[in-house]
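Enquirer: Letter by letter, the chains look like this.
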Amino acid sequence: RRGEMAKSTQLIDNEVFRAYATYTAIVLLKMMLMSLITAYFRITRKAFVNPEDTGAFGKGESAKKYLRTDPDVERARRGHLNDLENIVPFVGIGLLYALSGPELSTALLHFRIFTGARIFHTFAYLLPLPQPGRGLSWAVAYSVTISMAYKVLKTAWLL
Amino acid sequence: RRGEMAKSTQLIDNEVFRAYATYTAIVLLKMMLMSLITAYFRITRKAFVNPEDTGAFGKGESAKKYLRTDPDVERARRGHLNDLENIVPFVGIGLLYALSGPELSTALLHFRIFTGARIFHTFAYLLPLPQPGRGLSWAVAYSVTISMAYKVLKTAWLL
Amino acid sequence: RRGEMAKSTQLIDNEVFRAYATYTAIVLLKMMLMSLITAYFRITRKAFVNPEDTGAFGKGESAKKYLRTDPDVERARRGHLNDLENIVPFVGIGLLYALSGPELSTALLHFRIFTGARIFHTFAYLLPLPQPGRGLSWAVAYSVTISMAYKVLKTAWLL
Chain A
1 RRGEMAKSTQ LIDNEVFRAY ATYTAIVLLK MMLMSLITAY FRITRKAFVN PEDTGAFGKG
61 ESAKKYLRTD PDVERARRGH LNDLENIVPF VGIGLLYALS GPELSTALLH FRIFTGARIF
121 HTFAYLLPLP QPGRGLSWAV AYSVTISMAY KVLKTAWLL
Chain B
1001 RRGEMAKSTQ LIDNEVFRAY ATYTAIVLLK MMLMSLITAY FRITRKAFVN PEDTGAFGKG
1061 ESAKKYLRTD PDVERARRGH LNDLENIVPF VGIGLLYALS GPELSTALLH FRIFTGARIF
1121 HTFAYLLPLP QPGRGLSWAV AYSVTISMAY KVLKTAWLL
Chain C
2001 RRGEMAKSTQ LIDNEVFRAY ATYTAIVLLK MMLMSLITAY FRITRKAFVN PEDTGAFGKG
2061 ESAKKYLRTD PDVERARRGH LNDLENIVPF VGIGLLYALS GPELSTALLH FRIFTGARIF
2121 HTFAYLLPLP QPGRGLSWAV AYSVTISMAY KVLKTAWLL
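Residue numbers (the working numbering), protein chains in the order written: chain A, 1 to 159; chain B, 1001 to 1159; chain C, 2001 to 2159.
Incorrect hints may have been included.
Stated by the list, open to error - Chain B regions said to be covered by chain C (calculated; three or more residues, Cβ under 8 Å):
#, stretch
1, 1010-1022
2, 1029-1035
3, 1041-1052
As the list claims (entries may be wrong) - Away from chain B, derived, C-beta distances all over 10 Å, residues of chain A:
#, residue
4, K65
5, R68
6, T69
7, R78
8, P132
9, S143
I should point out that these hints are in silico values taken from the structure, not numbers from a laboratory. Keep in mind that this is a model prediction, so the values were computed, not measured. Quick reminder that beta carbons are idealized off the backbone N, C-alpha and C, glycines included.
With the hints as extra help, turn the sequences into a complete structure.
Expert: Structural data, given as structure tokens:
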């Protein structure tokens, strides 16, 4: 029983894996924050999609006018979907990369650039910043994931 | 070769990891069920988005009328997207949490509340139940993921 | 310190895990490719959703006409979302499956069929191929994931 528990914690004792865990938790929490931002815009802009969500703002016909789209709500939703499209590959490929035995400094470089670029991307999307700010931050994070995938495929290749 | 196989199964021998595997499989299967529910509504409501999908219901001009949106289809799709937005962080953060050495009872509490809340959320979305049923079940599952992320960051922190 | 690093690479030394890593990297890269395909259609069809993205094509009123939807852009986006809905469960359940001690040949069969079916699905969606091509490839990949989930639940079950 003791040996089993020791085994279970060994991954988290590895420094590269600890770095992966830290940055993955940060980018997933950042992605989750998009839900709160969307909810904030839905409530302040009074723009809902489900009839049952408008109850606090009126009943019957008077509530129907809140079933509408709002540019800020849609912008936050697009930022959220873009996170899903880009953070899911980072989490999946990053795990395999962390287990492929990279140098700690190289791994940290990948994780830090990805995380910084995605946080910048969120600001660029929500403010919004003029292009190519958002486009470049998207491309930087995308390239980091490609670089990790290359290391994974080089190390693990078994087709 | 023997030692290698023993190593490969050790994670799955750990009780917290087994619990994580069980609940992750359940919530991912539940998320996959949303595809079948959307397909069911598309077929019974005859509401499609791709022209090539309407072939069974008519040809040419007569098929075009099935290229439309339907409230039940859209509701199922929103439930599916909400699952993606919330179950992806659970799967990613939950894996790191399971490897961070929590007590089995604490881990089970997290996994059970999350899974129960997300199953309730699906019923609340599809029926639909009056608010705040859906909102509360969303918030409960969200809080469980935050709690696991806190444990991961406390254990693994390496920035 | 040396022993720690040896431990960190043991998963990647396991053949089933190497196969999982290879196919997961491939399907996630394929999913990421959908972003580039969407961007390609947005630029060639001049169909954007964010006002700040139209700058290269005109200013003020003349740029507004590029804020529109385009059938090819929407088709690529639906293919991307379908990937998220199906590749996320594969990555999550596949990891647990790879750790549940399957035979290498059985695991390879699962990973190869899933990957082949999802690559076919993308072609079927984008060309598009007549149905039931896309529907069948979706169902094949879906069934592979269900089969892996069954093995995971049978091996790990701890509720």
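Enquirer: Against each hint, give a clear statement of whether it holds in the structure.
Expert: Going through the hints against the structure:
| no. | hint | verdict |
| --- | --- | --- |
| 1 | 1010-1022 | holds (count 8) |
| 2 | 1029-1035 | holds (count 5) |
| 3 | 1041-1052 | holds (count 3) |
| 4 | K65 | holds, 18 Å |
| 5 | R68 | holds, 14 Å |
| 6 | T69 | holds, 13 Å |
| 7 | R78 | holds, 12 Å |
| 8 | P132 | holds, 27 Å |
| 9 | S143 | holds, 21 Å |
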